[in-house]
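Those letters in the sequence shown? Residues 1 to 411, by this note's numbering.
Warning: the hint list may mix true and false statements.
[Stated by the list, open to error] Have a look at the derived ranges for each label pair, beta carbon to beta carbon: (1) Asn402 to Glu222: 20 to 26 Å; (2) Glu380 to Phe189: 18 to 24 Å; (3) Ser358 to Asp300: 25 to 31 Å; (4) Asn402 to Ser358: 40 to 46 Å.
[As the list claims (entries may be wrong)] Using 27 Å as the maximum straight-line C-alpha spacing, the simulated DSS-like pairs for lysine-lysine come out as follows: (5) Lys110 to Lys87; (6) Lys218 to Lys383; (7) Lys297 to Lys99.
It should be emphasised that the hints constitute simulated quantities derived from the structure, not laboratory data.
Here the structure is a predicted model, which means the values were calculated and not measured.
Where a beta carbon is used, it is the ideal one built from N, C-alpha and C, also for glycine.
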Amino acid sequence: MEFAEIQKNSPNETLSFLNFASYFAMQFYLTLKEEGAFLSILKNLSKQTDLYFKGYFELLPKSVGIAVTTFGGNKHLGDIGDILEQKGVNVVYVYYDEKEFIKAQKQTGKNSIFCPIQLSYMGSFLNLFDLFVTCRMPLTSPSWGSSTIYVPHAFIDPIAALMQRKRTLDDFWFKKKMGINGYRIVPSFSNYQIYKDKFSECGYEKELVCGGYPSLDKNILEYGQMVRGRGRNILIAINHQESILIIKEFLARCQINLKAKQKVYFRPYPGNILQEESEEIAKEYAKYSWFVYDTSKKLDAQIMQDSCCIIGDYSSLVYTFPLTTLKPAILLCRNKDDLENEYLGIKFYNPILHKVASNAKECFEKIQEILEENQQRREENIKEYRKKEVFNLGKSSEFIANFIIQKLEEI
């Protein structure tokens, strides 16, 4: 591998190799020896890369790097960058997509760099910034990289594991979440409860920061400007193969079962998950006026307002939709025994937020229940739960920005 390929600063085969090698190293970091050949090579290469890019970008001391991604319109980091800038912090926005970088330079004038290697998993091995802020999923990382603030892209981290895993959360599962060379912003009380005892037991309790979820704050603020209403439409957003079978049957029945002027919004999962299946559904139902294939980067508040519920499985939307709109989610689950999976009494399924369906027929039954239920009582219950559950509700970006400033001062 030629270092000149890294110096090209572009998404090429060398970057792909380093990305996979770094991901492998972090996945198996617990079993690798730091003085071993594999990690030694990565360490030396990361130091060489640091030296080159610090000079190339003329990065200043006390700089905070902020990852900019196209995922979800980069909503997950909220207003953290703007608040840091307002407080006098030297912020550098780091782009992976060159087209987005060029567009941002023309439109925003912010201090930005195009550095795809920093946003790859290799970025965890680099030390270009005093602190780096990202919504990438944290993994056990070496101590020689920049200290990183991990703002979750998923509200349901780690509570989703209670539905996704077929076995209990064991010590090895927890240990792979620790030693991240930085701080994990935890969005909610239930997620914190799952982590706290094991992290404390292993001496990593300081990695957990009860910061909240900036993306939810932005959703609630935007949604609050809408004219309130029950809504009659149905929003679908899934990311699990088993759910596709239920949704295909559900859509096949919609032509008969839908009420007048009722629409179905089908929102594919971002990225490549179920991409082919989603496109097949879009092609099959494009001819129907009631079917809308929504591929926007960010879920529109108007769609949420017009919908009476969301049908989903293990994505964050089955939490963030109810927490934003105060309307329920229909949780798809073929095996209802999975709903009983718990850790310290905490379950993924929550009757305040969710109704459950295991097939298309039950989906229609639950939709009818939602249209007929006491909406005010549902709203009050979700609002009360939201107030107790979500950390720093409405002000998470400011809390996280202040935390970053505190850590910057300690360096």
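Now the hints, each set against the structure:
Between Asn402 and Glu222 the beta carbons are some 23 Å apart, a value that agrees with the proposed interval 20 to 26 Å. At roughly 19 Å, the beta-carbon separation of Glu380 and Phe189 lies within the given 18 to 24 Å, and the hint holds. The hinted window of 25 to 31 Å between Ser358 and Asp300 holds, with their beta carbons roughly 29 Å apart. Between Asn402 and Ser358 the beta carbons are some 45 Å apart, a value that agrees with the proposed interval 40 to 46 Å.
As the CA atoms of Lys110 and Lys87 are separated by approximately 15 Å, the hinted pair is consistent with the 27 Å bound. As the CA atoms of Lys218 and Lys383 are separated by approximately 16 Å, the hinted pair is consistent with the 27 Å bound. Only pairs whose Cα atoms come within 27 Å are accepted, and Lys297 paired with Lys99 is accepted, the gap being roughly 16 Å.
When held up to the earlier numbered hints, the structure conflicts with none and fits them all.
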